[in-house]
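Enquirer: Generate the whole structure from the sequences, applying the supplied hints.
Protein chains: 4
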Amino acid sequence: MSDRQMPPAHPFDFDAVDADKLHEECGVFGVNGVTDAANFVALGLHALQHRGQEAGGIVSYHPEHGFNSARRFGYVRDNFTRASLMETLPGELAIGHVRYSTAGSKGAAIRDVQPFFGEFSMGGAAIAHNGNITNADALRRELIERGSIFQSSSDSECIIHLMARSLQRDIPARMEDALRRVEGAFSVVAMTRTKLIGVRDPLGVRPLVLGKLADDGYVLSSETCALDIIGAEFVREIEPGEMVVISGGKVESRRPFRAQASKFCIFEHVYFSRPDSIIGGRSVYETRRQIGVELAREAPVEADLVCPVPDSGTPAAIGFAHESGIPYGMGIIRNQYMGRTFIEPTEQIRNMGVRLKLNVNRALIRGKRVILVDDSVVRGTTSRKIKEMILDAGAAEVHFRIASPPTAWPCFYGVDTPQREKLLAATMSEEEMREHLGVDSLKFISLDGLYRAVGASEEGRNNKCPQYCDACFSGEYPVEPADMIEKGFKLKTAAE
Amino acid sequence: MSDRQMPPAHPFDFDAVDADKLHEECGVFGVNGVTDAANFVALGLHALQHRGQEAGGIVSYHPEHGFNSARRFGYVRDNFTRASLMETLPGELAIGHVRYSTAGSKGAAIRDVQPFFGEFSMGGAAIAHNGNITNADALRRELIERGSIFQSSSDSECIIHLMARSLQRDIPARMEDALRRVEGAFSVVAMTRTKLIGVRDPLGVRPLVLGKLADDGYVLSSETCALDIIGAEFVREIEPGEMVVISGGKVESRRPFRAQASKFCIFEHVYFSRPDSIIGGRSVYETRRQIGVELAREAPVEADLVCPVPDSGTPAAIGFAHESGIPYGMGIIRNQYMGRTFIEPTEQIRNMGVRLKLNVNRALIRGKRVILVDDSVVRGTTSRKIKEMILDAGAAEVHFRIASPPTAWPCFYGVDTPQREKLLAATMSEEEMREHLGVDSLKFISLDGLYRAVGASEEGRNNKCPQYCDACFSGEYPVEPADMIEKGFKLKTAAE
Amino acid sequence: MSDRQMPPAHPFDFDAVDADKLHEECGVFGVNGVTDAANFVALGLHALQHRGQEAGGIVSYHPEHGFNSARRFGYVRDNFTRASLMETLPGELAIGHVRYSTAGSKGAAIRDVQPFFGEFSMGGAAIAHNGNITNADALRRELIERGSIFQSSSDSECIIHLMARSLQRDIPARMEDALRRVEGAFSVVAMTRTKLIGVRDPLGVRPLVLGKLADDGYVLSSETCALDIIGAEFVREIEPGEMVVISGGKVESRRPFRAQASKFCIFEHVYFSRPDSIIGGRSVYETRRQIGVELAREAPVEADLVCPVPDSGTPAAIGFAHESGIPYGMGIIRNQYMGRTFIEPTEQIRNMGVRLKLNVNRALIRGKRVILVDDSVVRGTTSRKIKEMILDAGAAEVHFRIASPPTAWPCFYGVDTPQREKLLAATMSEEEMREHLGVDSLKFISLDGLYRAVGASEEGRNNKCPQYCDACFSGEYPVEPADMIEKGFKLKTAAE
Amino acid sequence: MSDRQMPPAHPFDFDAVDADKLHEECGVFGVNGVTDAANFVALGLHALQHRGQEAGGIVSYHPEHGFNSARRFGYVRDNFTRASLMETLPGELAIGHVRYSTAGSKGAAIRDVQPFFGEFSMGGAAIAHNGNITNADALRRELIERGSIFQSSSDSECIIHLMARSLQRDIPARMEDALRRVEGAFSVVAMTRTKLIGVRDPLGVRPLVLGKLADDGYVLSSETCALDIIGAEFVREIEPGEMVVISGGKVESRRPFRAQASKFCIFEHVYFSRPDSIIGGRSVYETRRQIGVELAREAPVEADLVCPVPDSGTPAAIGFAHESGIPYGMGIIRNQYMGRTFIEPTEQIRNMGVRLKLNVNRALIRGKRVILVDDSVVRGTTSRKIKEMILDAGAAEVHFRIASPPTAWPCFYGVDTPQREKLLAATMSEEEMREHLGVDSLKFISLDGLYRAVGASEEGRNNKCPQYCDACFSGEYPVEPADMIEKGFKLKTAAE
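Note that the protein sequences, when read in sequence, are chains S, H, L and X. Oh and the first sequence: position 102 is 102 in UniProt numbering, straight run, nothing missing. Oh and the second sequence: position 216 is 216 in UniProt numbering, straight run, nothing missing. Oh and the third sequence: position 494 is 494 in UniProt numbering, straight run, nothing missing. Oh and the fourth sequence: position 353 is 353 in UniProt numbering, straight run, nothing missing.
Hints should not be assumed to be uniformly reliable.
Given that identical chains are not distinguished, each listed pair holds provided it fits within a single copy or across any two copies.
[Unchecked claim] Below, simulated SDA-like cross-link-like pairs (lysine to any residue); rule was C-alpha separation at most 20 Å, straight line:
| # | residue 1 | residue 2 |
| --- | --- | --- |
| 1 | Lys-212 | Asp-392 |
| 2 | Lys-212 | Val-251 |
| 3 | Lys-212 | Gln-348 |
| 4 | Lys-21 | Asn-335 |
| 5 | Lys-21 | Gln-336 |
| 6 | Lys-487 | Ser-121 |
| 7 | Lys-212 | Arg-355 |
| 8 | Lys-250 | Arg-236 |
| 9 | Lys-21 | Arg-350 |
| 10 | Lys-385 | Arg-334 |
Simulated from the structure, these hints should not be mistaken for lab results.
Expert: Right under this line is the structure:
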């Protein structure tokens with residue numbers, strides 16, 4: 001049932017630049033041990049807004065006022081900064097979530113916005129989930145058969161129903177029970193009346209970090225950039241397969257799952273995470289810059305200007321320019337006043353596409369051989385339009401350099417990807433793509449080059465047991481996508 | 001958990017006139033077999049708005065678009081008349097609900113607005129409930145213990161969870177299962193993908209009627225006035241303990257409950273129902289007028305003017321004037337532009353009370369002996385203020401005549417009543433009340449007189465087996481209010 | 001220029017009952033000498049809401065914060081009761097205005113909402129005007145020619161521009177200058193930084209009364225009912241052609257115009273004013289009841305039930321029933337939850353018409369000979385629909401009795417009337433109207449009967465010099481409607 | 001009078017980064033000869049949004065529907081992209097305006113949002129003004145004395161009143177009359193029913209360019225970047241002192257003013273204009289990059305990293321890095337989800353300041369000697385906070401390099417500047433500023449260096465007759481700021 005408590009948030013998303021990217025679905029954040037914890041969560045979610053712009057939610061707990069919740073469509077800064085709303089979220093313990101809607105759900109509903117809450121006989125619990133449960137359809141069928149009533153279309157709701165049905169007598173134990181039934185990728189932040197809880201799936205596909213505030217306050221966050229905004233100290237990453245239960249200034253570490261080799265999402269380095277976050281002890285900015293350096297080594301070309309496709313291509317372009325010695329310049333200017341979508345737009349706005357967001361710096365481009373550095377090519381629609389704008393402005397040559405390998409497979413672990421057929425690299429060779437885009441040259445970084453740039457190893461990818469999840473490039477899925485296979489998705493064959 | 005998806009609808013309800021009335025909690029309406037069924041439901045709910053002004057909801061089903069739902073705070077006419085909203089509710093089958101918030105729930109939440117929906121393995125179902133479940137607390141505890149997750153604070157949600165856990169293979173049978181577990185008063189309208197269902201509890205405390213449209217369309221409604229607005233023909237009342245399952249132009253009648261003597265709420269005649277509705281073959285207006293006639297016989301007084309307290313006292317005042325021969329006149333004028341509450345009112349508005357809604361027709365009142373006819377006295381706060389206004393305007397005498405017996409006991413069957421201690425008649429004798437109100441005389445209709453007026457019998461009330469539920473007057477509760485007794489409510493003792 | 005700062009308030013007004021009435025355009029209210037004067041104005045405007053439901057505005061003055069203004073579409077109670085808005089209107093001096101949009105202006109604009117404000121070299125002034133300026137077009141042309149820039153399409157704006165151009169050195173004197181140029185009907189409430197000012201045109205077509213609060217507070221109001229709500233004492237009516245300048249607890253009376261015989265609007269008695277207001281020392285309710293008495297004498301008929309068309313026909317119906325001895329009963333029930341219009345309604349709502357607001361009390365009507373008492377017949381569209389509903393309910397006969405003479409001429413003095421061709425009585429005889437409406441009999445009160453009922457004289461109308469403006473009935477316009485004649489309106493000829 | 005038709009848009013502006021910049025007040029745009037001209041204006045205003053984010057307005061003219069106007073607070077993209085609003089602005093001729101509120105006006109009012117409209121005897125006209133009228137106070141006093149009623153607190157409204165009072169028989173001639181009375185800086189775009197008009201003041205302080213669409217369509221815009229977005233061809237700049245009257249595909253050029261040496265605002269090059277605009281035949285990006293080059297020559301320093309303060313310092317930082325050979329890197333990351341202000345923010349949000357928008361890329365900064373390149377220092381508050389963030393992140397040294405000379409004087413020509421006392425450079429020497437900011441070195445580009453970078457001359461500034469208006473740096477005001485002098489502002493003395 002689609003409960004249209006709000007007008008459909010996005011009649012359509014024609015924002016061509018962002019639409020032609022992969023999208024992280026979520027960011028999670030939780031804090032305890034501070035007055036007005038919800039305010040800290042709001043700031044943390046603001047810093048994680050790049051992980052999900054559609055909607056956000058916060059749940060807090062206060063001994064007198066109980067659990068309170070607020071969920072809103074739109075940016076954190078437009079909702080969760082208002083005193084009148086934040087006053088309704090009292091307490092020293094709170095968690096929150098920002099989300100990007102998945103391709104599957106048409107017509108967003110506030111019911112689908114996390115955190116999800118359940119009242120159990122021993123008290124309430126709220127959860128916020130980043131990732132994707134690959135056996136959610138089967139779990140949902142089973143739970144409905146046994147009498148559970150689902151309120152949303154979200155895969156994440158399975159977790160709270162599994163918890164409700166667990167026979168364990170305390171909530172963290174129920175959560176262990178529940179998550180052992182769940183397959184796929186999950187970084188979960190949860191709360192009870194007294195505890196802040198964080199868990200990562202056994203492969204550690206999605207990130208989750210622990211931070212510390214003064215006194216006994218602790219923080220859980222998808223990325224370190226959200227620790228900076230509230231002045232929290234970065235303690236460490238939650239480990240793959242680890243559950244931390246935080247209460248009274250103590251952090252208890254549990255290991256509910258069988259040990260496995262970790263498979264962190266390599267695309268977090270390429271695009272999802274913010275450049276000022278630290279992953280694996282290393283700045284994401286520096287990794288991206290290094291990708292540019294590798295790319296300049298792997299695919300050099302004679303040219304006059306290295307120009308980033310703003311803003312995500314910028315660090316790699318800086319690295320490319322530095323390594324190649326070709327001058328760096330802002331050949332494309334981004335309009336800072338663009339949000340993500342329009343409500344009920346005019347026909348004309350609908351047809352504007354990229355031009356609403358990007359303009360070419362014609363005087364700089366004219367007559368030059370230009371290297372455009374972008375983070376990835378998904379459908380290729382935006383790349384074509386950018387190329388046209390650059391040529392219209394009088395560029396002599398256009399060379400694309402892409403800071404990731406060809407994206408040829410969909411992600412089933414919490415990233416919104418088009419169907420395989422829509423991915424340019426799934427149906428074309430590199431040369432066909434070059435022709436399709438109509439550029440003078442097109443080069444992607446190699447998978448080994450990417451592994452080198454992220455610091456995995458000097459040799460690159462360990463093909464026997466890859467150090468990262470790179471299914472979107474390699475088609476090798478570390479967890480079988482059960483629901484999708486049931487729906488007809490074909491795994492890579494030995495021949496491919 | 002209070003999910004504040006909307007600003008608290010009613011920071012407080014200081015609308016003194018209405019606040020000093022008993023309030024029906026709900027109206028229900030359903031229709032099938034017509035194009036755009038939701039539009040019919042909207043009209044029906046508009047006609048039932050007097051049964052619940054806080055919020056309303058509609059669920060519809062369309063073979064292609066599935067179940068859709070919209071729930072809103074505020075009047076039906078302000079929400080469910082807009083084309084843009086109604087377009088989201090397609091289909092030939094729809095049900096709806098208007099609600100008045102109960103005293104217990106502070107801070108209304110859209111989650112509490114019905115209809116409630118559940119997805120079962122054999123398909124979805126939606127229910128709308130008028131009444132109150134007297135063992136809801138116990139049921140909720142049991143359901144939570146077994147893993148159900150409640151989404152609202154409403155007693156009615158128990159029904160859908162009981163249905164979800166039933167082992168029956170079709171939805172009407174699951175509904176029978178569920179309602180056999182439920183105690184109290186319920187008139188329920190429900191729907192599946194193909195069926196429109198109506199049920200009344202074995203005592204038939206709350207009303208529910210069946211209507212017919214052209215072709216194969218059928219209607220279920222709390223009152224007949226909502227049939228008139230859509231041009232439906234009144235067929236008959238659903239009988240106490242009856243379930244009707246309507247599909248394909250057929251009305252199947254079932255009897256899921258053990259037979260019992262019916263106990264229709266007598267206050268529906270006095271105040272809740274609209275005067276143009278028909279109950280038991282008789283116009284509510286005519287019944288009220290007849291109450292006035294009885295009252296004039298039981299409690300005559302010499303006076304110059306019979307004046308209704310608008311608008312609910314009007315029919316009884318007309319009857320009183322007619323029987324007594326004393327001229328009828330509008331001594332109190334009601335401002336038509338008053339809604340129920342104010343958002344964030346100024347101090348001054350907060351203190352205005354009755355004067356915002358009522359003004360005395362001073363020229364008519366001056367020097368006269370005035371009989372004021374009102375439907376009931378609950379707390380007595382408004383009656384005192386009206387008396388003061390009448391005296392300020394120069395009335396020579398003020399005589400109150402009340403069209404119901406003293407309201408001395410709370411209702412637990414779906415009516416919002418103050419705690420017993422707040423009911424004037426629970427703590428004072430009639431003479432004490434007269435003194436408290438400061439009027440020259442105060443008379444209530446007798447219980448027998450009321451029974452005569454509603455046409456129960458010439459003799460009045462059958463005290464051995466009363467023909468109606470009159471617990472609010474008599475303290476004799478036809479269903480034991482189990483949850484309330486657990487919370488400390490004391491039943492009437494033999495001594496009382 | 002139509003500055004659409006708000007969505008068009010009324011895409012169309014299909015509310016059939018109200019649409020087939022004449023509409024007063026405005027109510028005005030002002031107060032000084034009290035803390036938070038704007039709160040008093042809000043209450044006064046709420047009591048005057050029946051004079052204009054489209055929009056309202058308040059201007060206040062505070063020595064430190066200067067002049068402040070707020071103008072809003074919608075009911076007073078939905079806007080001017082909020083603390084957050086009222087805090088922006090500080091000071092001890094304030095005026096306000098409610099308006100009904102005139103037929104001519106399509107697409108309401110907030111710019112047209114009064115009070116209007118002008119900054120002069122000696123300080124600011126605000127004005128609120130009830131009535132209509134019959135030479136506004138000519139004045140506007142002249143003012144534009146001389147360099148004035150109009151901000152609204154309102155005739156009332158001429159007044160403030162004439163004041164701006166006056167060479168007088170104080171504002172009341174400028175106002176005298178301005179109003180001497182103006183023709184037509186005007187009751188104006190105005191304010192400067194220190195003075196509250198009230199004026200009525202020489203004929204006194206529109207009402208304006210003076211009230212007194214405790215201490216030195218004074219009130220100006222369109223009607224006395226608005227004095228009651230704030231507890232002000234009624235002092236007297238402002239006289240035709242009088243200007244009062246109130247300051248420091250003193251009321252100075254001026255006479256800026258040449259004396260003329262007064263021509264108060266007789267329709268204020270019939271329909272516009274609230275029944276609890278006092279006009280000419282007499283309750284409007286009592287006058288209307290007396291119209292019913294006269295009507296019963298002039299046009300008796302054998303019947304079983306006297307039934308008002310609610311709510312405006314009620315007092316006359318009470319009088320008719322009393323005089324005729326035929327029982328009074330509520331055969332038509334009004335839905336209390338109807339506002340005036342709908343935003344973007346569904347097709348179905350659009351076609352509902354009268355049934356959204358009125359329902360027949362079928363049990364009461366069936367088999368009866370019914371006398372329907374209504375205040376007036378304008379287009380006749382609603383009367384026809386009501387007759388149909390009554391016959392559908394099984395009435396044996398339907399007799400219309402109308403509490404005013406046939407409305408055959410448009411009003412040009414501040415009342416929204418259809419073009420002459422649309423007035424039923426302009427094109428049909430009484431018998432033709434009866435046939436058109438399809439009723440058993442149709443009778444209007446005579447002009448003399450109406451004059452008797454309002455207490456003008458036992459003989460009725462003084463045809464040589466009528467005691468009232470009755471142009472809508474008689475076609476005798478006390479002020480020549482210059483703009484309308486220029487636009488082609490034909491005055492009554494000697495032959496008519 | 002402050003007409004609070006909307007809640008005060010900006011209870012306060014604590015957005016520390018932007019608050020410590022100078023702000024352009026306005027952008028103007030107009031187009032004719034295209035269907036749905038208002039849509040083109042919306043796109044143009046979106047591209048000019050950096051010139052004013054508070055509010056925007058559009059006026060269009062259609063032969064049948066007349067002049068229509070819409071004015072809104074907030075971003076163009078949130079208002080003027082909606083089909084339902086744009087449909088209310090039909091026609092082939094339209095102009096628009098975006099505005100930044102001036103420091104002086106507290107409590108923004110929709111009345112102050114341009115374009116302004118006036119109805120004259122020969123038809124209506126609308127104007128949109130970028131700049132500031134330095135004798136507006138005197139003009140307003142005179143106009144009020146003569147009977148004009150002002151509707152806004154804007155200086156620009158004088159122009160339309162002067163036009164209304166002109167005795168000329170056509171509107172362009174009235175506009176010439178009006179503008180000859182006006183002193184200061186003005187780039188005006190205006191429209192009548194048939195003509196699109198553009199004017200620049202004799203000194204040409206603010207920019208205005210002419211563009212051409214296919215067929216007979218013409219465009220006027222503050223900057224060329226807004227031509228790009230609608231695919232218009234850049235024709236030429238409107239010349240200082242020139243008026244163009246565009247109609248029927250013809251551009252007529254007039255010279256209403258006495259010739260003077262031009263004084264274009266040099267700060268447009270430094271900060272106001274978008275980097276992809278062309279001024280004087282040269283890309284603004286290239287000029288800024290060149291400023292960085294000059295700065296590296298004038299003020300070299302040994303360091304490890306050149307880091308821009310995003311985003312305005314970026315081009316100069318690229319130039320500095322290139323010239324100095326020191327690596328360029330993004331040491332500060334900007335949160336893309338920040339708007340300008342918050343409505344009713346929590347205490348915590350209020351105190352966050354720069355951290356809501358900027359975060360340090362700690363891994364890149366740690367241990368490095370960092371050169372921070374920013375465009376200007378106004379109050380210095382943000383510079384101090386950024387320095388602290390950089391040091392907290394472990395930078396070894398911090399060197400500020402500023403892409404403009406010290407800002408020591410307020411602008412009176414349409415830029416929002418703090419009072420002189422608040423400008424850091426007005427009260428401190430360069431060394432005092434360095435100490436105040438607490439950095440290792442602080443250097444501003446020289447005035448001559450800036451003139452070289454903008455391409456004025458190899459020698460730099462012509463001190464006898466400067467090629468630009470540089471009053472904010474030099475204190476030499478090309479037009480006497482009459483109103484400000486009356487209010488007590490002291491011009492630079494010979495001694496200074």
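Enquirer: It remains to establish, for every hint, whether it holds in the given structure.
Expert: Cross-check of the supplied hints:
1. Lys-212 / Asp-392: Between copies only: 17 Å across, 52 Å inside.
2. Lys-212 / Val-251: within (11 Å within a copy, 65 Å between copies)
3. Lys-212 / Gln-348: between (49 Å within a copy, 19 Å between copies)
4. Lys-21 / Asn-335: both (18 Å within a copy, 19 Å between copies)
5. Lys-21 / Gln-336: both (18 Å within a copy, 16 Å between copies)
6. Lys-487 / Ser-121: Between copies only: 19 Å across chains, 37 Å inside a chain, cut-off 20 Å.
7. Lys-212 / Arg-355: Between. Shortest inter-copy distance 18 Å satisfies the 20 Å Cα cut-off; intra-copy 43 Å does not.
8. Lys-250 / Arg-236: within (15 Å within a copy, 67 Å between copies)
9. Lys-21 / Arg-350: within (18 Å within a copy, 34 Å between copies)
10. Lys-385 / Arg-334: within (14 Å within a copy, 26 Å between copies)
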